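Between the sequences and the hints, there should be enough to build the whole structure, so can you do that?
Going down the list, the sequences are from chains H and V.
Numbering-wise (our numbering), the first sequence opens with residue 7 and increments by one.
Numbering-wise (our numbering), the second sequence opens with residue 65 and increments by one.
Any given hint could be a false lead.
Claimed, not checked - Which stretches of chain V does chain H cover? Using the computed rule of at least three CB atoms under 8 angstroms from a CB of chain H, they are:
#1 166 to 174
#2 314 to 327
#3 464 to 471
Said to hold, decoys possible - Beta-carbon label-pair distances, calculated as ranges:
#4 H:Y20 - V:R74: 36 to 44 angstroms
#5 V:R74 - H:R232: 43 to 51 angstroms
#6 V:R74 - H:R195: 30 to 38 angstroms
#7 V:T371 - H:S123: 28 to 36 angstroms
#8 H:P9 - V:A460: 34 to 42 angstroms
#9 H:D26 - V:L370: 29 to 37 angstroms
#10 H:R231 - V:R84: 32 to 40 angstroms
#11 V:L370 - H:A199: 39 to 47 angstroms
#12 V:L69 - H:V27: 39 to 47 angstroms
#13 H:S170 - V:R74: 22 to 30 angstroms
#14 V:L69 - H:Y20: 48 to 56 angstroms
#15 H:E150 - V:V437: 46 to 54 angstroms
Because the hints were derived from the structure by calculation, they are not lab data.
Please read these numbers as outputs of a predicted model, since none were measured by experiment.
The beta-carbon is built from N, C-alpha and C at its ideal position, and this holds for glycine as well.
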Amino acid sequence: MTPLIQCSALTKVYRMGDADVFALDGIDLTIEHNDYVAIIGPSGSGKSTMMNILGCLDTPSSGQFLLNGRDVAKMNDRELAATRNREIGFIFQSFNLLPRATALENVMRPLVYRGISRQERRERAREALALVGLEARVSHLPNELSGGQRQRVAIARALCGEPSLLLADEPTGNLDTATADEIIGLFDRLHRAGNTILLITHEPTIAARCKRAITLADGRIVDDRRREQVLAA
Amino acid sequence: MLLRLREGARAAWDGVIANRSRSGLTIAGMVVGVAAIIVVVSIVQSLSQSITSSFDSLGTNTLSVRAYTSFDEQLRGITRRLTLSDHRAILGRVDGVEQVTPVLLPFGAYGTRVAAGGKTGFTRVYGVTPNYQDTFKVYTAQGRFVNAADEQAARKICVIGTKVRENLDLPGSPIGQFLRIGGDWYKIVGVMEEKGDVFGISQDDYVAIPFSAGEIAVADPGKLDLSITLSVADPDAIEDVQHRIVQVLRENRKLRPGDEDDFKVDTAKQLTQSFDRITGAIAGVAVGLVGISLLVAGIGIMNMMLTSVTERTREIGICKALGAQRGDILLQFLLEAVLLSLFGGLLGVLVGCGIDLIIPILVPQLPAIPIPVSAAVGSVVFVTAIGVLFGVIPAAQAANLDPIEALRHE
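What follows is the structure, given as structure tokens:
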């Protein structure tokens, strides 16, 4: 089976004044389906750039990035948007819910861009909200929900389109410890249900719960180990 | 595609509703502009209808003859006039004419001083023949009109408009009283029906005397003015008669072959047409001016949309991250601009029609005002086009946002 993600010699270069800055500097990475990966590293290590490229929000300067065997680096705007819509489920630190839309409408949103009928969108969004335990909050607006509930809505939104990859950027960064624990518990459950999850974090305790932890520094992978190894160390 | 459109419309509607007061203020310009178009067009239409119908009442077999001064000559201070000699030439040399109704202004277009019982006033004086009444469908309310015997004997009698009676403090029934016009005294034999005001100008401020008496009263032949309305015996021969009159007048007025006519001979239909051209031009200018104000209103919409795009940058970023295509965002913002201007247009139509309903109550002399359907439809279409025109730039700006930058936007 083709791996979900296959990167080779991936670079991202930004021009800063006269100097070229390598945000990513030769990344080789393979992630299989149903893996549960944490990307850790200090700020400025290239985590966000990595996230943007893996999330198809940005394209690499050079190198190859195959998602489900398709070369993202060669995609145009239209194809990138369609790929984000079908393959990627984003979960952000600041939730990024649409403020004037209810929980249900927020969750339905990715399906809108897929041209799915209102009826079916509603059903699938309700199911996704039930999955994260928010069936009683479908018609609430984001500002009527707690932080943990908002992040659950965002997770339901990411799940709703049944993407190949759940991409979470510091998903617990804005939450208190207890709520963060709940959210990570939810990720564990989603992983067991067969989802592939990649989360960016700088909290070692969260990274420790993943099956695999990749450490970035200065745009390079400096460490890549699986949980068995972490536990052994 | 239809689904996309519906989703875009829904999102656009949310955008309009979310900024209710701002949206309202933005479309105010459109509302005023469209309402103005509706009111201007309907007033012009109503006036033109009433004047057209008064021309129509002249009938299909009538010709009107009047002097014509070209614009060039007007600038040089020249005014062309028909003369009594022209009148005699038509009477004597044109065949196929059934009836001639000349109207003589012995004291010129502006009239002269009139007096009765120590009061003096200023009014227009017409020299008319007995058939004036039937030709122009105006009749006396009291007494009688100029009759054949008056005309025959050039009697010094007059029929007055109600405004003259009022201005000179004459009694309710002034018949038998005397009125001094120019240097002579005329006996009042009748009072005309009241016609009311049109735009504040009284239609009842005149005195009619026999045509023959008018000829005698002419004080300054250079000021005298004359117009002639005539009916032809055979309506099918109207053009022949028209040409014959032109020929006779050119000869009588000693025009050389290359000279342009300094008079006009029109059928009732031609009169209507030339009047319609004038009202059409006036309406065109007014609507053009309002159209410019609508363009300005369009800039207002663009301004609001640009603000709105900036405010919603993050939302746009979120939608893009969730897989919105450039076209989805473009459509949403374009539809928002169109929706705004469409609202403005429809509201403007409502306001304009409302004003149309109120005007006849405030100005009862105006004829009934029709609701101008074509102007209403036209202005709504125009305003919607403006929405598209001025919505494109903000919508394109929104659609072209970089998702990463947009997501970072606070």
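Results for each hint:
Counting residues of the segment 166 to 174 of chain V whose CB falls under 8 angstroms from any CB of chain H gives 0; the rule of at least 3 is not met. By the rule of at least three residues with a Cβ nearer than 8 angstroms to a Cβ of chain H, the coverage given for the segment 314 to 327 of chain V is violated, with 0 such residues. With 3 residues bearing a CB less than 8 angstroms from a CB of chain H, the segment 464 to 471 of chain V meets the requirement of three and the coverage assertion stands. At about 38 angstroms, the CB distance of Y20 of chain H to R74 of chain V agrees with the hint of 36 to 44 angstroms.
With their beta carbons about 47 angstroms apart, R74 of chain V and R232 of chain H fall inside the hinted range of 43 to 51 angstroms. Range check, R74 of chain V to R195 of chain H: Cβ separation about 33 angstroms, and the 30 to 38 angstroms hint holds. Checking the proposed 28 to 36 angstroms range against T371 of chain V and S123 of chain H shows it holds: the Cβ atoms sit about 34 angstroms from each other. Under the hint 34 to 42 angstroms, the C-beta atoms of P9 of chain H and A460 of chain V, about 39 angstroms apart, fit the expected range.
Between D26 of chain H and L370 of chain V, the C-beta spacing of about 35 angstroms keeps the proposed range 29 to 37 angstroms intact. Between R231 of chain H and R84 of chain V the beta carbon distance is about 56 angstroms. The supplied range of 32 to 40 angstroms is therefore violated. The given range of 39 to 47 angstroms is respected by L370 of chain V and A199 of chain H, whose C-beta atoms sit roughly 45 angstroms from each other. Range check, L69 of chain V to V27 of chain H: about 43 angstroms between beta-carbon atoms, so the 39 to 47 angstroms window is met.
As the Cβ distance of S170 of chain H to R74 of chain V is approximately 29 angstroms, the hint placing it in 22 to 30 angstroms holds. For the pair L69 of chain V and Y20 of chain H, the supplied restraint of 48 to 56 angstroms is violated, since their beta-carbon distance comes to about 39 angstroms. Distance hint check: the CB atoms of E150 of chain H and V437 of chain V are about 48 angstroms apart, consistent with the given range 46 to 54 angstroms.
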